[in-house]
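Residues per chain are reported as follows:
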Amino acid sequence: MVPIKTIAIVLAATILIALPLVVKNAFALDICIRVLLFAFIGVAWNLMGGYAKQLSLGHAAFFGLGAYTSTLLLIRLGISPWIGIVAGGVVAMLVSLPIGWLCFRLRGPYFAIATIAVAQVLMLLFLKLRDFAWGAEGTTLPNLGNAPLMMQFGGKAGYYWLALVLLALALAITYRIERSWMGYYLVAVGEDEDAAEAIGVNAPRIKRDVYLISAFLTALAGTFYVQYIYFIDPNTAFSFNVSVEAALVSIVGGIGTLWGPVLGTILLEPTSALLQSTLGSGRGGVQLTVYALILMAVILWRPTGLLGIFTDTYQRIARRG
Amino acid sequence: MAEALVVRGVSKRFGGLRAVADFSFSVNEGETVALIGPNGAGKTTSFNLITGYYRPDAGSITAFGRELVGLPPYEICTLGLARTFQVARPFGQMTVLANVMTGAFLRDRRPHIARERAREAIRFVGLADKENALAADLTTIDERRLEMARALATEPKLLLLDEVMAGLNPSEIDQAVGLVGQLAQRGLTIVIVEHVMRAIMAVARHIVVLDHGQKIAEGTPRTVVGNPEVIRAYLGTGYAHPHPHATD
Amino acid sequence: MFSTVAQAVINGLLIGGIYALVSIGVTLIFGVVKVVNFAQGEFVMIGMYISFFLATKLGVDPLLSLAISMPALFLIGVLLQETLIRRVLGLGDMPQIFLTFALSLLLMNVALLLFTANYQTVHTAYSDASFQVGPVYVSVAKLIAFVVAMLLSGALWLFLHATDMGKAMRAAAQNRDVAMLMGINPNRVFSVAVGLALALAGAAGSLLMPFYPAYPTVGQVFTLMAFVAVILGTLGNVTGALIAGLMMGIAESLGIQFVGADSGLIVVFLMLLVTLAVRPSGLFGGWSR
Amino acid sequence: MKRRHFLATTTAGAVATAGFGTPLLGRAAETINIGGLYPTTGSLALIGQGCVNAAKLAVQMVNDAGGIKSLGGAKLNLITSDVQSDPTVTRTETDRLISSNKLAAIHGCYASALTLIASEVAERAKVPLITGSSSDQLNKGRTFTFTPFARASQFAQAQLRMSHLVSEKPKVAVIFENTAFGTATSNGLKEQAPGENVEIVMFEPYSAGFTDASPLINKVKSSGANMLFSVSYLNDLILIVRTMKQLGANMPINGGSGGFVQPEFYKNVGKEAEGLLGVAHWNHDIDADAQRVSAAFQKQYGEFIFEYAGGLVAQTFMLADAMERAKSSDPQKVRDALATLDVSRGYAAMAPGGKVKFGPDGKNVYGHPVGVQWQHGDLASVFPSQEARKPLMKA
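Which chain is which? The protein sequence lines are A, B, C and D, in order. If you count the first sequence from 1, you need to add 1104 to reach the working numbering. If you count the second sequence from 1, you need to add 1 to reach the working numbering. If you count the third sequence from 1, you need to add 39 to reach the working numbering. If you count the fourth sequence from 1, you need to add 59 to reach the working numbering.
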């Protein structure tokens, strides 16, 4: 059993790593990069939103802070985004402390709406930072051609591998947490905070800690994203869509599971890209209508996420075999 | 004998409602004390005050010599006080084993140790065959067992049980009484809130009676049951004979 | 200076009436059904289009079209509860929030398909009319909208306090079991609550139409404002939502006047965050008493 | 000239229908793909849809006139995509258009922020992008991006000069939405105001998409201005103008570009729009060609062709001209031909001033805006004098 699993993992990893060497179509690779990126954000969100059930709809705050930190360092000081990406993560962690202090006193919908407000306030503040951070106009990144040391790559393969590494990192962290005491504590807090505290779970602290990790990872995604689309402005960096997408992929795939956000992204991103390319040139509104219908169907039909179907099937097959 | 828990002059108001007023009692180490009283007497509120879910407006609560007022619930648990809830609150999406392991992690963060200790607690409450069941699928009595196992896994010195027998049938009550008795034999200090008088008589040597947030009587089971104040509180004035069993 | 402040307060108060209507709807649904409706603004949008088409095709004054938009949205609300919301009750916050979120996305884009992105306005005799009270200008259309909004809020308050159904709703908001003990079918209570909430959104739409253009994404800003108002006013508290809605209008207006025209929302959000820091359960705690 | 065109087309058509294996010019008349990126959903859907309509019309015009003659009458084929008013989608869609179709060139995206992203992608993919977007950033460090119309900084200058038309001593309140478009334009206003002898008494960004314009107008009223510059998209501007009336604020308004020059604006504001001033990079009355295009557009869509859409028709003809001269649809060659574009007649020169020639920064060296005014339901060019097609209407 174990060897087969190992072989399967090694095989899957090989395929994933070798993919850009085989797939030369830039659009296909772009979809792959988007899948990896949003799966990464989803996994980061899921640590907090899925395991600890703290429904954040403001993760764009960290995405944006990461994006702006590395871009400011790059353009103002010429510091490589490889350093900027870590700096952005640290800034996001520091900012998550006061946000967490404020928002974690709230539960359920209060928490969700407070996090929306925080992300919005940050966006509005960056709109006001006209001299320091280019205000609403935003800025494009300097075109350095193929400069891997500055996180700019000639083709798409470089971006693909970077996104793959990020996703692998987030999955490894989640895997470790899930199997440790912290995973148990997170789920317990998510299920029933009072009952968890009754058996000694320091709920405020565990929430703060997982928020730190989640914020750090989300900020990494922000830097990657800006490097990839070459442009930053407050509306992009602090977009409500990022917050929603992070939660949606997890919910569609299955919250509080290791692979849920990945599965959710694999289903949603290409779907939306395909809808976009097949219906996008027609009359406006069709593809988002279809997208919304798909979402509603999934939520009504499988509120615990689609991963359940696969694990159920897997168990059924395993039992039979 | 050393005092495990001392509640002194504790009061709590909710808006206009006086939930607990100037309440004092104490529990010696290794003793089992029952807290009884009609619905709304302030029993569960007292538990919530002791375990840090509410902060008293006045008074002090000490356990094993430490002041508890102002401490959050998880720190109180770390000091060795574990509780169950009136309505069991299992982590529904976790298995029985995972539920109890979560409690065991308080004393040891290594999963294999926690698993071992959790299994011990599960065996003790008689849930061993349902170790891998989802907590949400348990029956009422099994939920209570689970909650007790989870509390025990935190290795408490003082256990506060909130109506663990409500809604159980007579044979289940006997089982539960047996469990509590075993725990007491192990030297655990127990405070139990209960309506089922038969059970109280069987486990508690000392009873504290609350009514409208105030302590109206205290003593051995026999003296308390005969106390006219207590009878009036339970049945209203005019009733001559004590008939506590009907008060559930 | 005084006239500037007075004008700012009046401006804020008048638009606050609309915020209040939308917020009351959100808080009513949350209070009774325990679902946060992210699509509330889209129902304002539907109300606007109903009034727009009645006005342009049949020449009905937008204010009179209240008589159609409110019942129509009430029915939509009942349908929404019976077909969608009912199926996610008890599943926790996430499926509920994302169901209504997807619904909002759906409604916006169906509207885009049906009505295009064009801005649609209705001109009435009172649309751009105004009168002066001292140095302060008062827009006639906005004043009418405000007065009607307050009347509707009052009617809802009466309904909640004087009818069995209303009392059942307040009971359901506090404790579901109590409502069932009162012998009222909770599903009916839920349906009526969602219906009423949507009827209020529809009313807001009709009231906006004389002075505000309709377009598919018009609802979003109202949803946002309503969220802040319901949280300030304590989720589930109808009176709280009413007062908070008015407060938001005034705060936004004063913020624009004295902090900066791009700071209206910042002021509103900061007000929310400060309130939550001081009183995590909002200003009014508990269900309308 | 006209006649020869006609003959050329009919010959090519006859050749095709006769079914010769090898066409006369020795090369199959290929189709040339042009990408069009516009937001047809989201907040800019209205304008994006208009752009797509205009782009289709333009391609049809080029094809009806015989396609690209130097390529055997090759027809243009427009491939549009919805960028949803969303940066991520813009990035992906630009990539997709370029990589899944053999494109000769791209145009788009109306909104400056989206255009900047598309331009970055096009630069790296070495596909020329031609755009009417006014952000000056588009002219920095780019070699594949071409902007045939006035820049944001020029808009500001024109707007300031126009204020002297209505007041001896202009005291201007500037309100602008805090978006890329709003800040870029308003910064230009602020910088150039002293030089143009205009006093700015209020300079205020506002959040786009507000529900109530009254607080803002209240502020304008108390600023002591005798003229309002509003840099806004459509919906905000409609509310601003109507609220001005409600709050009794009577001063001339210059609505700049953006929402002001849309037919939709007049439809929504009605008579209150009469006499209001604006600035545009293109207008449908600038020359006979523009009027013809607008008539065709009006026939199909029921309204005159608005600034950006009209400019888009000219851009399509500029692309056609470049391909004609390059005798190729290869993007690199099309770019090189665009860089040497120099036209002063025909649809390709359909711009204020009637001449287009790109400098090294991709900017039309002759590019400048026109001042416009709403007159009797139509948008008339009134400024500067050489572009004026109607006299200024006094309010």
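Hint data in this document are derived by calculation from the structure and do not stem from the laboratory. Here the structure is a predicted model, which means the values were calculated and not measured. Accuracy of the hints is not assured; some may be wrong.
Below, simulated DSSO-like cross-link-like pairs (lysine-lysine); rule was C-alpha separation at most 30 Å, straight line [unchecked claim]:
| id | chain 1 | residue 1 | chain 2 | residue 2 |
| --- | --- | --- | --- | --- |
| 1 | D | K358 | A | K1232 |
| 2 | D | K326 | D | K416 |
| 3 | A | K1232 | D | K326 |
| 4 | D | K134 | D | K304 |
| 5 | D | K304 | D | K185 |
| 6 | B | K158 | B | K131 |
| 7 | D | K453 | A | K1128 |
| 8 | D | K304 | C | K96 |
| 9 | D | K199 | A | K1232 |
| 10 | A | K1128 | D | K128 |
| 11 | C | K96 | D | K326 |
| 12 | A | K1109 | B | K158 |
| 13 | D | K185 | D | K392 |
| 14 | D | K392 | D | K449 |
| 15 | D | K230 | D | K134 |
| 16 | A | K1128 | D | K414 |
| 17 | D | K304 | D | K249 |
| 18 | D | K128 | D | K304 |
| 19 | D | K230 | D | K199 |
| 20 | C | K96 | D | K449 |
| 21 | D | K128 | D | K453 |
| 22 | D | K228 | D | K115 |
| 23 | D | K185 | A | K1128 |
| 24 | C | K96 | D | K330 |
| 25 | D | K185 | D | K326 |
| 26 | D | K330 | A | K1128 |
| 27 | D | K199 | D | K358 |
| 28 | D | K228 | D | K416 |
| 29 | D | K392 | D | K416 |
| 30 | D | K128 | D | K115 |
| 31 | D | K416 | D | K115 |
| 32 | D | K326 | D | K128 |
| 33 | D | K453 | D | K185 |
Some chain A residues judged to face chain B by a derived CB distance under 7 Å, without partners named [what the hints assert, rightly or not]:
| id | residue |
| --- | --- |
| 34 | G1258 |
| 35 | G1259 |
| 36 | G1262 |
| 37 | Y1288 |
| 38 | E1295 |
| 39 | D1296 |
Positions of the beta carbon are idealized from the N, C-alpha and C atoms, including for glycine.
Given hint D1296 of chain A near chain B, where the shortest CB pair must fall under 7 Å: holds (5 Å)
Chain B contact restraint on E1295 of chain A - CB to CB distance below 7 Å: This interface hint holds because 4 Å falls under the 7 Å limit.
K128 of chain D paired with K304 of chain D [C-alpha distance capped at 30 Å]: violated (55 Å)
Agreement of K358 of chain D and K1232 of chain A with the hint, judged by alpha carbon distance not exceeding 30 Å: violated (44 Å)
Given hint K414 of chain D paired with K1128 of chain A - CA-CA distance at most 30 Å: violated (42 Å)
30 Å Cα cutoff - pair K392 of chain D, K449 of chain D: violated (41 Å)
Hinted pair K96 of chain C and K326 of chain D, Cα distance within 30 Å: holds (16 Å)
Proposed proximity, K185 of chain D with K453 of chain D (alpha carbon, max 30 Å): violated (50 Å)
Pairwise hint evaluation, K358 of chain D against K199 of chain D, where the allowed Cα distance is 30 Å at most: Measuring from Cα to Cα gives roughly 39 Å; hence the hint is violated.
Satisfaction of hint between K1128 of chain A and K453 of chain D, Cα-Cα up to 30 Å: At roughly 62 Å apart (the allowed maximum being 30 Å), K1128 of chain A and K453 of chain D break the hint.
Restraint check for K1109 of chain A with K158 of chain B, where alpha carbons must lie at most 30 Å apart: Cα-Cα ~45 Å, so violated.
Pair hint outcome, K304 of chain D versus K96 of chain C [Cα-Cα no greater than 30 Å]: holds (27 Å)
Hint violations for this structure: numbers 1, 2, 3, 4, 5, 7, 10, 12, 14, 15, 16, 18, 19, 20, 21, 22, 25, 26, 27, 28, 32, 33, 34, 35 and 36, all remaining hints satisfied.
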